[in-house]
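Sequences listed follow chains A and B, in order.
At position 138 of the first sequence (counting the first as 1) the number is 881 in my numbering, and the numbers step up by one without a gap.
At position 66 of the second sequence (counting the first as 1) the number is 809 in my numbering, and the numbers step up by one without a gap.
Please keep in mind that the hints were generated in silico from the structure rather than gathered at the bench.
Please note that a few of the clues may not be correct.
Note: identical chains are not told apart, hence a pair may lie in one copy or across any two.
In silico EDC-like cross-links for lysine to aspartate or glutamate, where the CA-CA straight-line distance does not exceed 20 Å [what the hints assert, rightly or not]:
(1) Lys930 - Glu953
(2) Lys930 - Glu894
(3) Lys965 - Glu849
There are 2 protein chains.
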Amino acid sequence: MKKTIGILGGMGPLATADLFIKIVTQTKAAGDNDHIRVYIDSNSAIPDRTAAILTGGPDPVEEMTSALRHLESCGADCIIMPCNTAHYFLPRLQEKTEIPILNMLEITARSCASRYPGKRTAVLATRGTLATGLYSAALEKAGVDYLIPDEGEQDILMHLIYEVVKASRPLEPEADTWASLLDGLRKKGADYFILGCTELPIVASTLSAEGPFVDPTAELAKAAIRFCEYETTGE
Amino acid sequence: MKKTIGILGGMGPLATADLFIKIVTQTKAAGDNDHIRVYIDSNSAIPDRTAAILTGGPDPVEEMTSALRHLESCGADCIIMPCNTAHYFLPRLQEKTEIPILNMLEITARSCASRYPGKRTAVLATRGTLATGLYSAALEKAGVDYLIPDEGEQDILMHLIYEVVKASRPLEPEADTWASLLDGLRKKGADYFILGCTELPIVASTLSAEGPFVDPTAELAKAAIRFCEYETTGE
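Chain A with its partners taken away, still in its complex shape (with noise of 0.2 Å):
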């Protein structure tokens, strides 16, 4: 029997849409057959991650768990969130279903450790993926050296996230203050970066500012290819 990926979805729509088509075109594959089939929820009711972690916004469980139920009732055999915030509830979300759900923040550190070794990546997130400390934890685990974002930097990058591709808002006008944030992180000592929000890897795609940039999205993508045992097209 052929395994199938549910995504738990909506935070955000596009994301979502990012890694299912990241799902796709690293699927070996030569016509529509020989593809995973992929159950997506894109619950656009999960309450913000971010607030709930950092300003007592609505807890985001029960409409994860909403997701979860039809994930399940499709008969998904691994549930991936594209949402790196939202990890920080996948705990409580596990203890709910026996599908396992594969946790994109562990599989991008065991990923930086191996492709760039005894380098220093800067992680690049959302204040609220950044105060649950999940990414320096699993960067410690797998022996990555790390450095996070200050005060100022992680203004900007949610001013990106919420204000720009949440927003709907063209990117193009932002392409000087991306440039300058890596600059200004690669004097402190960055060699790469985890693009450790999943809107993210939309920036960069959009904006043409030089990496090397780890995609935790295509990383997650790959590890639920491998999971359903396909192969993938190594890109």
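Guided by the hints, dock chain B onto chain A, whose structure is given.
For chain B alone, coordinates are given in the frame of chain A:
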């Protein structure tokens, strides 16, 4: 209660992602929670629709119904299918469910009539779609003048759809083939083109040949957004 969309997908997976993205980008939204909840079953096991219609290939209705049942169990308020050829099977599917299946071909024909009154369109589609006569019927009903590609032109379309997009091959080497196909149809009297196979909007947006084009995927996305009583961006 907010309405939701179910995408009966996998025909092919990239066309499924394309439809999902068009729903997201065409919905007027200032944040994740302003979007429509979308359920997707990208069922890669659905047999090829063109083969079923033209050469006695396996009937796709059983696998399409499997996806339909998943979308029903999620609670979708309407169903949409990002595959023109699949619409041949729409009446059989509609008999199996109370949920309305929005008809992409009829939506497209009505849009042609209102956007290009008195002009002639060329229907770019698979042999399967053209053989069903579904576009001819929808366009005649909407009072739209049209022409159908000849055998040689259909060969080129089948090559682009099956040997390039569905086979995950690069499109750039096909730029001249695509431009000459459109020029030939323009010489025969076409004023604009219906991208009547869901792989073709991917061709038209990647290669830069002149249209104008009517994209049934975008028209279907807009119709589904309006069905759910959300506002479109007007893009």
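These are the hints, each one checked on the structure:
1. Lys930 - Glu953: within (14 Å within a copy, 45 Å between copies)
2. Lys930 - Glu894: within (16 Å within a copy, 61 Å between copies)
3. Lys965 - Glu849: Close inside one copy (13 Å), not across copies (39 Å); limit 20 Å.
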